[in-house]
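> Use the sequences and the hints to build the structure in full.
Residues in the sequence shown are numbered consecutively from 1, following this note's numbering.
Honestly, the hints are just simulated from the structure, not real lab data.
Here a beta-carbon is modelled for each residue, glycine too, at the ideal position from N, C-alpha and C.
Hints are supplied without guarantee of correctness; some may be wrong.
[Said to hold, decoys possible] In silico BS3-like cross-links for lysine-lysine, where the CA-CA straight-line distance does not exceed 30 angstroms:
#: 1; residue 1: Lys87; residue 2: Lys127
#: 2; residue 1: Lys131; residue 2: Lys76
#: 3; residue 1: Lys69; residue 2: Lys38
#: 4; residue 1: Lys27; residue 2: Lys43
#: 5; residue 1: Lys56; residue 2: Lys76
#: 6; residue 1: Lys43; residue 2: Lys56
#: 7; residue 1: Lys76; residue 2: Lys63
#: 8; residue 1: Lys56; residue 2: Lys87
#: 9; residue 1: Lys127; residue 2: Lys29
#: 10; residue 1: Lys63; residue 2: Lys87
#: 11; residue 1: Lys127; residue 2: Lys76
#: 12; residue 1: Lys88; residue 2: Lys126
#: 13; residue 1: Lys167; residue 2: Lys69
#: 14; residue 1: Lys63; residue 2: Lys165
[Unchecked claim] So the derived label-pair ranges between C-beta atoms look like this:
#: 15; residue 1: Ala162; residue 2: Lys88; range: 25 to 33 angstroms
#: 16; residue 1: Lys126; residue 2: Asn19; range: 37 to 45 angstroms
#: 17; residue 1: Leu159; residue 2: Lys29; range: 22 to 30 angstroms
#: 18; residue 1: Ala60; residue 2: Asn182; range: 40 to 48 angstroms
#: 19; residue 1: Lys59; residue 2: Lys173; range: 37 to 45 angstroms
#: 20; residue 1: Asn19; residue 2: Leu83; range: 25 to 33 angstroms
#: 21; residue 1: Lys63; residue 2: Ser149; range: 19 to 27 angstroms
#: 22; residue 1: Asn182; residue 2: Asn65; range: 39 to 47 angstroms
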Amino acid sequence: MTIKDDQTYIDKTLNGDANAFAYLIEKYKVMVLSLAMKMLKNKEEAEEIAQDTFIKAYKALQKFNGESKFSTWLYKIAYRNCLDSLKKITKNYNTETIDEVNSNKIQETSNVLESIERKERSEVMKKCMHKLPEEERSILWFFYFDELSLNEITEVTGLSTANVKVKLHRARKRLLSIVKRNVEPELIKHYGRK
Numbered sequence: 001m002t003i004k005d006d007q008t009y010i011d012k013t014l015n016g017d018a019n020a021f022a023y024l025i026e027k028y029k030v031m032v033l034s035l036a037m038k039m040l041k042n043k044e045e046a047e048e049i050a051q052d053t054f055i056k057a058y059k060a061l062q063k064f065n066g067e068s069k070f071s072t073w074l075y076k077i078a079y080r081n082c083l084d085s086l087k088k089i090t091k092n093y094n095t096e097t098i099d100e101v102n103s104n105k106i107q108e109t110s111n112v113l114e115s116i117e118r119k120e121r122s123e124v125m126k127k128c129m130h131k132l133p134e135e136e137r138s139i140l141w142f143f144y145f146d147e148l149s150l151n152e153i154t155e156v157t158g159l160s161t162a163n164v165k166v167k168l169h170r171a172r173k174r175l176l177s178i179v180k181r182n183v184e185p186e187l188i189k190h191y192g193r194k
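Okay, here's the thing in structure tokens:
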């Protein structure tokens, strides 16, 4: 389905056809729920946020002006809902400091990751990603996993393009530092190296 198809269903909804909005919910429910799960790490909470996102989108549908894709507009609502929910939860995220990163350390970390099985790498990366501050983790997810463009990330987060680029760069460096600290001890433990 295309952007034009979305606009057709948006127009039908605005003209009183509630079933048309059900089509949009069905089309985007996995995307919204996936974002909420990544950010909140709690299924019940994520489902509640997803439901709230569609309610807010329905109520604000007349404000959608078509300057961006409907999916981006909806993503922005979901993202804001998740941030509001996270503010209510008083969890302390581990904010690792950024070590100096040079090409030797990057190569060293790359070599370490090459020695871990693919499935193990995936689990290690997920654990390391969760050690990032929420905003940095979200920006990395948007860019690499959800494949949003910088412009789409800018629209979703409300940050400037320059700020998104800076945060993306910092998040990569911080993630590299976290991976290095967490992977090497695991390899030593697993393979008995010193």
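> Give a verdict on every hint.
Here is what the structure says about each hint:
Between lysine 87 and lysine 127 the alpha-carbon distance is near 22 angstroms, which keeps this suggested pair within the 30 angstroms criterion. For the hint linking lysine 131 to lysine 76, the alpha-carbon distance of about 23 angstroms falls within 30 angstroms, and the restraint holds. The suggested pairing of lysine 69 with lysine 38 holds, with an alpha-carbon distance near 22 angstroms, which does not exceed 30 angstroms. Between lysine 27 and lysine 43, the direct Cα distance comes to roughly 20 angstroms. Compliance with the 30 angstroms bound is thereby established for this hinted pair.
Between the alpha carbons of lysine 56 and lysine 76 the distance comes to roughly 11 angstroms, so the proposed pair stays at or under 30 angstroms and holds. Using a Cα cut-off of 30 angstroms, the hinted pair lysine 43 and lysine 56 holds, with the two alpha carbons roughly 20 angstroms apart. A hinted pair counts as satisfied when its Cα atoms are at most 30 angstroms apart, and lysine 76 with lysine 63 qualifies at roughly 13 angstroms. Between lysine 56 and lysine 87 the alpha-carbon distance is near 19 angstroms, which keeps this suggested pair within the 30 angstroms criterion.
For the proposed pair lysine 127 and lysine 29, the alpha carbon gap of about 26 angstroms is at most 30 angstroms, so the pair holds. For the given pair, lysine 63 sits about 26 angstroms from lysine 87 by alpha-carbon distance, which is consistent with the 30 angstroms threshold. As the CA atoms of lysine 127 and lysine 76 are separated by approximately 25 angstroms, the hinted pair is consistent with the 30 angstroms bound. At roughly 24 angstroms between alpha-carbon atoms, lysine 88 and lysine 126 fall within 30 angstroms of each other, so this suggested pair holds.
The suggested pairing of lysine 167 with lysine 69 holds, with an alpha-carbon distance near 24 angstroms, which does not exceed 30 angstroms. Using a Cα cut-off of 30 angstroms, the hinted pair lysine 63 and lysine 165 holds, with the two alpha carbons roughly 28 angstroms apart. Between alanine 162 and lysine 88 the beta carbon distance is about 30 angstroms. The supplied range of 25 to 33 angstroms therefore holds. Here the CB-CB span from lysine 126 to asparagine 19 is close to 38 angstroms, well matched to the stated 37 to 45 angstroms.
At roughly 26 angstroms, the beta-carbon separation of leucine 159 and lysine 29 lies within the given 22 to 30 angstroms, and the hint holds. Take alanine 60 and asparagine 182: their Cβ atoms lie about 41 angstroms apart, and the range 40 to 48 angstroms holds. Distance hint check: the CB atoms of lysine 59 and lysine 173 are about 40 angstroms apart, consistent with the given range 37 to 45 angstroms. The supplied range of 25 to 33 angstroms is met by asparagine 19 and leucine 83, whose beta-carbon atoms lie about 31 angstroms from each other.
As the Cβ distance of lysine 63 to serine 149 is approximately 22 angstroms, the hint placing it in 19 to 27 angstroms holds. Range check, asparagine 182 to asparagine 65: about 44 angstroms between beta-carbon atoms, so the 39 to 47 angstroms window is met.
The structure is consistent with each of the numbered hints, conforming to all of them.
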